[in-house]
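K.L.:
Here are the chains, one letter per residue:
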Amino acid sequence: MKTRLRDGVIKKLKLTDSWVICFVLGFIMMNYPFISIFNKPLRPFGIPLLYLYLLLGWVCSIFIVYLFSRAERHKSDKERS
Amino acid sequence: MLNVDLVWGTALLYIALLFLVAYYADQRQKQGRSLTANPTVYALSITVYATSWTYYGSVGKAATSGIDFLPIYLGPTLTAFSWWFLLKKIVRISKQNNITSIADFISSRYGRSQWLGALITVITLMGIMPYIALQLRAVSTSFAIITGYHDFHFGFLESISPFSPHPGIFSALLLGIFSTIFGARHLVSAERHEGLVAVIALESIVKLVAFLSVGIFLTYGVFDGMADLFERLYERDPALLVRLTTLGSPGGNSYASMCTVLLLSMSAVMLLPRQFQVMVLENSDESHLNQAAWRFPAYMFLMNLFVMPIALAGILLTGGVRGADYFVLTLPMQEGHQWLALVAFLGGFSASAGMVMVESVAVSTMLFNHVLMPVVTSFKPQNWFPALLITLKRAGIILVVLLGYQYQAIVGDSYTLANMGLISFSAATQFAPALIGGLYWPRGNRTGAIAGLVLGFAIWFYTLLLPSLVHAGWWDTNLLVSGPFGIELLRPQGLFGMTALDPLSHALFWSMFLNISAYLAFSILCGQSEKERDQVKKFVQVFAPENGSPHRETKRLSKPVTIVQFVNLMSKFIGEPQAHAAIAEYLGEREIDGRGGVSEFELPNLKRFVEKTLAASLGGAAAGAVVESFLSDIGSRMESVYDIFSTVRTSRDQSREALYVRLRASEIMNRSLDLDIIIEDLLTLILREFKLDLCVVRLLNETGRLEVRTYKGEGGAELTAEERLLEIDTHVGEAFLGRRPEFFNDTAFISKPFAKEIFQREGIKSFAHIPIASEGAPPVGVLSVFSRSIVGLFTEQFVELLESLAGQLAQAVHIVNEREAREREREQKEAALLENARVTRDLELAKQIQLSLLPLEPPGVPGVSLACRCVPASHVGGDYYDFFPRGGELVDLVMADVSGHSVGAALIMVETRSVLRAQMQAIRSPSEVLGVLNNLLYDDLSRAELFITMFCGKYDTARRVLTFSNAGHTRPLLLREGGWQELDADGLILGVEKRVVFEEKTVQLAPGDLLFLYTDGIIENENKEGEFFGVPRLCDLLTELHHEPAEAIIEEVLARLNAFSAPRPLQDDVSMVVMKVH
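Line order of the protein sequences matches chains L and G. First residue of the first sequence? That's 820 in my numbering, and the numbers climb one at a time after it. First residue of the second sequence? That's -18 in my numbering, and the numbers climb one at a time after it.
Each hint should be verified, as a subset may be incorrect.
Stated by the list, open to error - Taking lysine-lysine and the DSBU-like style, the derived pairs with C-alpha atoms no more than 30 Å apart in a straight line are:
#	chain 1	residue 1	chain 2	residue 2
1	L	K830	G	K69
2	G	K733	G	K672
3	G	K593	G	K672
4	G	K737	G	K810
5	L	K830	G	K70
6	G	K76	L	K830
7	G	K588	G	K76
Said to hold, decoys possible - Simulated coverage check for chain L against chain G, where a stretch passes if three residues somewhere in it have a Cβ under 8 Å from a Cβ of chain G:
#	segment
8	834 to 844
9	847 to 858
Since the hints were made in silico from the structure, they are not lab data. Don't be surprised by glycine CBs; every beta carbon is placed ideally from N, CA and C.
Given only the sequences and the hints, what does the whole structure look like? Please build it.
P.N.:
Okay, structure coming up:
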């Protein structure tokens, strides 16, 4: 079950469409009006909300690209074997 | 403050290290063990994006305007999502076309436009120069801050020079030289600069480590973590914290500016010349993109993690935002950590140096390819060009760096420089529509791209650069307030009354709006040139899989160019060794014909290869121009081939017409066995289906000449009049002997004078001679086709079709020839049989005649009874016997054997008989007879190489005495009561010597004696065991038959002989004479 899910995810990540969707989604999430959700003078954990949101969003997107590259590498591994 | 000598020393040591690293990487590249061809180094080199503007400027921006420094680095992270399809496509195209810069990339896409390349170069120079200036200024400013001196306070220099050089010019020169050494080692810009990349990667590590060190020190050493910093600022100035960390508050950042900066940084990371250089040109493997896509954002994240904390720490520690740009340097110093400050200085220097090096190489390549090359190519290429070009390119790098220095010296320390980063980004963003459109929109054309760029650039200049110059005090500030000539609508920062946006967003909106609109509008309104369409395919469809249909050449060179000419051309630009290496690689697997050229169909490819090779050094536009002017100099040009197969292709590689013609041709071949009808029909078909004027078929005749068999079409009396010798001087002969099609697409360029004259008189524009040959067999003739109207008729496909028709024709000729040969052979066989029968009949006749020459019956001689018999083995033989009765008492007996059984032997036997009969008229003794015969026959016998054995005896019936001589004949047997003897007398066989004396003997016979004369055919008769019949066996037989009558003896001997040799017939002629004495 777990491997099937993993394979499924890897398969979806290989699609160029997935890259485009993530690209568009990222752009939306960094712009008005979406960003206004976090544009508040709050400080969870002592850190301003917007700053925290952008930093965490950044880490998330890096992680997603990392997954993408893993999926691509997986593919080239398979092609090689 | 740090000791100036310490800073100097450290910086020089660091630079020395960079030199070493670059040198080492270059060496490794030469050895083929690349140091930099891995994803990590690739990702690190992309981080040249983070310049000193990031290193120092981000903190300043965070301290003054707050969170909007972040989108500058969030944007690139977002674009990383597009790398897998966008950057990969750009990289693939660049590698396939030897792209040298972003200007080259865009201008190549739009038909290798020189103008477009030059325009992009100008925009880049104006937009990027201040950015380089910013880097140089950062170096000198940071130096001043860390040492307290505003010039290079260098003890050594001070002692020899009255003034100290500005640190800016010093670093500018140093970086310029560095870039020259490692960025322009060769003229080829499309190849990777590993030394440069290695240094950039190292510098990227240094700047990250330095920045993190400062950040960690301030956040966790001086303060108590990030939350602590925010808390303290909140306590001190809550409004400031809110302004810095939210959007949309009055005086702070807006959503629009957030979006603007995001867009600018997204395009900048792809489009800035240095980014294009490291991401596209220095990429060694497409798969590295994958890894870089997350490593680069991760680097950016780490780089920016402590920007906000350092900014806050600066505000808290210094109490304000004054000098916030250099908090990274000043805070460690303020806290008393000089060493940390020195590290921070090195990090800042790295950030500046990396950017200046890559940018200067990238910009100078553009300058060289798109501004200098068009000038250079307008001169005739010379042998010293390679040296000149590499010098120009190197000088270009120094020039770019010095221009940057000059700029910062003139503009000075002002508002302009600080904002230059984003202004540069905006300039680079102008390339986006042309680039993205060029990659994905086939209709996008040159006019659109130029129009869009010009408009976008103009707006950028007017709304962004001009105001910044005004702020620097170069212009009357009234321009900003009330617009040019007092027209408010045209105010640079409120164009057409749009005042709601901040200047950057305003400029981005208008420039992009007009840029994109112009690009789209002109692309739709205007068409593309053919050259452009070729390029579109290479760009838009670079990933299109080869769908099985082979590439169809649609171009040809009007006058063939040899390989040597192309090599000479390349040598004049890239140097001789490089040119030879390039052509060797190209020709590796291709066929070269006898004249040292490639086939005509290969020429367009060769031309493209030459263009591509030159493009790696000169840029696509210049390379195209160089090759074009070279071609026009020698009177050639690229032109479209006449597309004879205009309809849709129905199969993999054949058009419907081609299939139809092939089908019809097979029908013609099968319909008739008459070669003339076949050829006639085929020529009619070819003439009707293609736009030809004359078709001729020549076949090889027996005398080895090509004879005109049939021709169809108009005119051409001279072409069909005579036979063609198989000589290499004629095109026909060349096609036949060379066993390959010989065709000219333009008779104007024929080199054979005789042919040229004829073609001019006949008005032939193009022609082809196709050898008529089946696979692997030598040709049997030549199919020639001529056109009077179309130049460039013979495409690869058409010639292939003609070849295939000629092949079919060869089959037909072959079949007809074979049939004729079979017919001839049969007739010959028949004739031979007839002849044979005739000879047999003649021989049979001869045999009858020969037999009739022998006495049928022995003469009746008193006192003896005679019997004789001859059984020839073959038709004619050489055995002979005769009786000559003389009166009542004497009888001569002769038994002879001519050697061999040939007709010759028979004739000699006849001659012998005649001579003998003549000589027997006189009464002579046997030895005389033999002597006379030998004398007479000697000449004939030796001429015929034959000889005769002969026994001659004279019997006196009255006295019963036998006188005899023997010329080597088998000795006759004499049987008497109680025994037998052989009659022997010496004598040489006839025909050996001219004069021979024969011994003559006599023997007294008694009644009852039996004389047996015979030829050696009896005793040499063999049985199947190989045993001879032999004399003893014969004697025994005769003894047994002694008392039988003569005739019966003969019959019995013959019967025994046949029984002995059975089942085989007798091998030799058998003759015998029996004489019984009464």
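K.L.:
Compare the structure with the hints numbered earlier in the document and write down the numbers of the violated ones, lowest to highest.
P.N.:
Per hint list: 3 and 4 violated.
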